[in-house]
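Once you have looked at the hints, place chain B on chain A.
Going down the list, the protein sequences come from chains A and B.
For the first sequence, my numbering begins at 1 and goes up steadily by one.
For the second sequence, my numbering begins at 375 and goes up steadily by one.
No wet-lab data here; the hints were simulated from the structure.
Don't take every hint at face value.
Stated by the list, open to error - Capping the alpha-carbon separation at 30 angstroms, the derived lysine-lysine pairs in DSSO-like fashion look like this:
1. K262(A) / K457(B)
2. K336(A) / K457(B)
3. K24(A) / K680(B)
4. K581(B) / K393(B)
5. K697(B) / K329(A)
6. K381(B) / K286(A)
7. K449(B) / K336(A)
8. K381(B) / K336(A)
9. K259(A) / K512(B)
10. K286(A) / K449(B)
11. K457(B) / K83(A)
12. K703(B) / K323(A)
13. K329(A) / K680(B)
14. K393(B) / K262(A)
15. K512(B) / K680(B)
16. K7(A) / K680(B)
17. K680(B) / K306(A)
18. K88(A) / K381(B)
19. K75(A) / K381(B)
Said to hold, decoys possible - Partner residues are not named here, just some residues of chain B that face chain A (Cβ under 8 angstroms, in silico):
20. I454
21. D459
22. L648
Glycine is no exception: its CB is placed at the ideal position from the N, C-alpha and C atoms.
Okay, here's what each chain looks like letter by letter:
Number of protein chains: 2
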Amino acid sequence: MNFTINKEIMLNHLLIAQKALSTKTPAPYLQGIKLEVYQNELIMITSNSEISIKLSLKDESLAVEETGEVLIPGKYFVEIIRKLDGVKLDLSVIDNNMLRIVAGNSDVTLNMLNVEDFPQIDFSTNDNPIKIDSKTLKAVIRQTTFAASTIENRPILTGVNIRVDQQKLVAIATDSFRLSQKFIDLPTNFENMNVVIPARSLDELIKILELPLDEVLIHLDNKSILFEYGNVLFQSRLLDGNFPETSRLIPLEFPIVIKFNKNDLAVAIERASLLSNREGSSSIVKLYLRADNVVEITSNSPEIGKVIEEVFPAEKAIGVPIKIAFSSKYFLDALKTFVSDQVFVKFTGEIRPFVIEGDMDPGLIQLILPVRTE
Amino acid sequence: MNFTINKEIMLNHLLIAQKALSTKTPAPYLQGIKLEVYQNELIMITSNSEISIKLSLKDESLAVEETGEVLIPGKYFVEIIRKLDGVKLDLSVIDNNMLRIVAGNSDVTLNMLNVEDFPQIDFSTNDNPIKIDSKTLKAVIRQTTFAASTIENRPILTGVNIRVDQQKLVAIATDSFRLSQKFIDLPTNFENMNVVIPARSLDELIKILELPLDEVLIHLDNKSILFEYGNVLFQSRLLDGNFPETSRLIPLEFPIVIKFNKNDLAVAIERASLLSNREGSSSIVKLYLRADNVVEITSNSPEIGKVIEEVFPAEKAIGVPIKIAFSSKYFLDALKTFVSDQVFVKFTGEIRPFVIEGDMDPGLIQLILPVRTE
Numbered sequence: 001m002n003f004t005i006n007k008e009i010m011l012n013h014l015l016i017a018q019k020a021l022s023t024k025t026p027a028p029y030l031q032g033i034k035l036e037v038y039q040n041e042l043i044m045i046t047s048n049s050e051i052s053i054k055l056s057l058k059d060e061s062l063a064v065e066e067t068g069e070v071l072i073p074g075k076y077f078v079e080i081i082r083k084l085d086g087v088k089l090d091l092s093v094i095d096n097n098m099l100r101i102v103a104g105n106s107d108v109t110l111n112m113l114n115v116e117d118f119p120q121i122d123f124s125t126n127d128n129p130i131k132i133d134s135k136t137l138k139a140v141i142r143q144t145t146f147a148a149s150t151i152e153n154r155p156i157l158t159g160v161n162i163r164v165d166q167q168k169l170v171a172i173a174t175d176s177f178r179l180s181q182k183f184i185d186l187p188t189n190f191e192n193m194n195v196v197i198p199a200r201s202l203d204e205l206i207k208i209l210e211l212p213l214d215e216v217l218i219h220l221d222n223k224s225i226l227f228e229y230g231n232v233l234f235q236s237r238l239l240d241g242n243f244p245e246t247s248r249l250i251p252l253e254f255p256i257v258i259k260f261n262k263n264d265l266a267v268a269i270e271r272a273s274l275l276s277n278r279e280g281s282s283s284i285v286k287l288y289l290r291a292d293n294v295v296e297i298t299s300n301s302p303e304i305g306k307v308i309e310e311v312f313p314a315e316k317a318i319g320v321p322i323k324i325a326f327s328s329k330y331f332l333d334a335l336k337t338f339v340s341d342q343v344f345v346k347f348t349g350e351i352r353p354f355v356i357e358g359d360m361d362p363g364l365i366q367l368i369l370p371v372r373t374e
Numbered sequence: 375m376n377f378t379i380n381k382e383i384m385l386n387h388l389l390i391a392q393k394a395l396s397t398k399t400p401a402p403y404l405q406g407i408k409l410e411v412y413q414n415e416l417i418m419i420t421s422n423s424e425i426s427i428k429l430s431l432k433d434e435s436l437a438v439e440e441t442g443e444v445l446i447p448g449k450y451f452v453e454i455i456r457k458l459d460g461v462k463l464d465l466s467v468i469d470n471n472m473l474r475i476v477a478g479n480s481d482v483t484l485n486m487l488n489v490e491d492f493p494q495i496d497f498s499t500n501d502n503p504i505k506i507d508s509k510t511l512k513a514v515i516r517q518t519t520f521a522a523s524t525i526e527n528r529p530i531l532t533g534v535n536i537r538v539d540q541q542k543l544v545a546i547a548t549d550s551f552r553l554s555q556k557f558i559d560l561p562t563n564f565e566n567m568n569v570v571i572p573a574r575s576l577d578e579l580i581k582i583l584e585l586p587l588d589e590v591l592i593h594l595d596n597k598s599i600l601f602e603y604g605n606v607l608f609q610s611r612l613l614d615g616n617f618p619e620t621s622r623l624i625p626l627e628f629p630i631v632i633k634f635n636k637n638d639l640a641v642a643i644e645r646a647s648l649l650s651n652r653e654g655s656s657s658i659v660k661l662y663l664r665a666d667n668v669v670e671i672t673s674n675s676p677e678i679g680k681v682i683e684e685v686f687p688a689e690k691a692i693g694v695p696i697k698i699a700f701s702s703k704y705f706l707d708a709l710k711t712f713v714s715d716q717v718f719v720k721f722t723g724e725i726r727p728f729v730i731e732g733d734m735d736p737g738l739i740q741l742i743l744p745v746r747t748e
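With the rest of the complex left out, here is chain A (with noise of 0.2 angstroms):
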């Protein structure tokens, strides 16, 4: 193997093929990127347990000498692209088992790892993927991934539901202790869709889906999910077993409704939050809908001190007086996902989950279970 290619062009993709190395690994084969040296392209492969990365590199700058596969310990190969001096790289195999990098002033060898261990991949496609916006599945993921579980013990719940029924496309996030769900519509009628993909696997793919190119492919097969992404394959496997029934868990009728300016009901929140003990994972606030159609948002914490802060609702609350106690943490992240000023928070009970909607997100909802306090 022996080519030479523009430096920019190598670091930018390379930048996206480290995004599925493993860093802690008992399988050292798994840190490496592989790359296959054709005539007139080069392919990055990497792969760890969840997700893999399929790249292909096709540029003026690339001058193939000799063909080849090799495995390039990934880590200090992007360090050391990035760090180099100068616009061209020479790239070509030495003594069998090293790569030898020249670049400016530099003289770089790397021991490599045996490409023969490297799992074969399947990254085929099919020829009726479902096609989304990229933006639109960006915003999808921002709005979802953040309520699914971290913790593993029901390992179902550590992924997001997406489902496909014919131009419906929904995704669904909770750790049962608050539901995210956003439904968009598709350009046109797709085969039915119903997978859980691991929240983790979608915040490395939004992070890819930066570039200027408008629309990503989804292909399923039975045990993984791929996303085709202009010369970008990202393949993610699947969580097994059955996602949670959600849908009765939201209310369908809301006698208390409060509408408010996102940022005043954020920064009253933020600040109520502030003398709880940090310690915890959250801290508590209760919001009060006084009977003057004030709100006040309050904490109290014996050691600390306590905070009382009134907002005033965008409109006159439709509703009885209510006092009703949350996460401060789960409103604040809930709230982030709205792009909309004004949002409605919707109450049936004190005791019950609530809801917020907000008036320029459409198919949005974020539900948040109260805390029962005394």
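Chain B only, in chain A's frame:
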């Protein structure tokens, strides 16, 4: 105690005072900010085991209804003031042991600490302080503290030795593997001084030397040193014991001198250090002055690979070819202290300390002990 004040003014002063707050201490009162409220002045005092700060705030926005003194949990107080809306703060003591803070639509009550527990700290100044330009003092601190030891087995080496002899000031720090020394000229003769100040204290002091003020006054007593900077008094304890005599360590003659472009040398060392094993604290690189006047910077870790960097000296080097090995971190730390674009690296032999000097950095010398390799 009861007063109102402009919020931004209060916050800016608190951000200085908080630098001497203890975050972990068995003495809760050291987590407090002491406020002394007089008719036209607010005094803030903080202290931890190493440094103490006293700050005077006089501002036309200060309106005192009732004087008094209180001790407020510092971290919560600063975070609340930072987050509050509104221009004006209203602070008052309620129920004897609680501070009420009202601003905008927020009403916060904070449990206070017992002001009687706060220690008496002597911030008295003397009539004959050393005067030094604040920019110069800041530069001296930045050029020396990094070379002090961070391990406590020889406590005296965790400090910076500062000596004044008439119109000369010298600052020296060493961890016994490297040494930094900076001489400056003072504007006039001052009384002699020879103290060792904890490097950590000085690192906090430079964070305060950001105000647009010219002069720092240095007051000394037996056990502590007091820096007076406008309305801020910054006191540090001194380290007991004798700082080692380091003048003999610095060679007087250098048969080998290489002049480098500082940045060329820095990036070559950075690249050479990339392939080292990161588990250890620092990677070892080698410098080799070849007979053809090219310098090679190399590193070699058998498990990962090797790097050879060629650096072209800014001028023909003086002296015979030399090979020397050193910690890349120590070398890069030292290079960062120079404003000069060109530096001289001066050697006496392959296993003797070498020094770095810069043509635009009079009085500054960085000394590094080489590492023996096979």
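Status of the hints after comparison with the structure:
no., hint, result
1, K262(A) / K457(B), "holds, 17 angstroms"
2, K336(A) / K457(B), "holds, 18 angstroms"
3, K24(A) / K680(B), "holds, 23 angstroms"
4, K581(B) / K393(B), "holds, 8 angstroms"
5, K697(B) / K329(A), "violated, 58 angstroms"
6, K381(B) / K286(A), "holds, 26 angstroms"
7, K449(B) / K336(A), "holds, 26 angstroms"
8, K381(B) / K336(A), "holds, 27 angstroms"
9, K259(A) / K512(B), "violated, 52 angstroms"
10, K286(A) / K449(B), "holds, 23 angstroms"
11, K457(B) / K83(A), "violated, 40 angstroms"
12, K703(B) / K323(A), "violated, 58 angstroms"
13, K329(A) / K680(B), "violated, 48 angstroms"
14, K393(B) / K262(A), "violated, 34 angstroms"
15, K512(B) / K680(B), "violated, 39 angstroms"
16, K7(A) / K680(B), "holds, 20 angstroms"
17, K680(B) / K306(A), "violated, 60 angstroms"
18, K88(A) / K381(B), "violated, 55 angstroms"
19, K75(A) / K381(B), "violated, 48 angstroms"
20, I454, "holds, 6 angstroms"
21, D459, "holds, 7 angstroms"
22, L648, "holds, 5 angstroms"
In this structure, the hints that do not hold are numbers 5, 9, 11, 12, 13, 14, 15, 17, 18, 19, in rising order.
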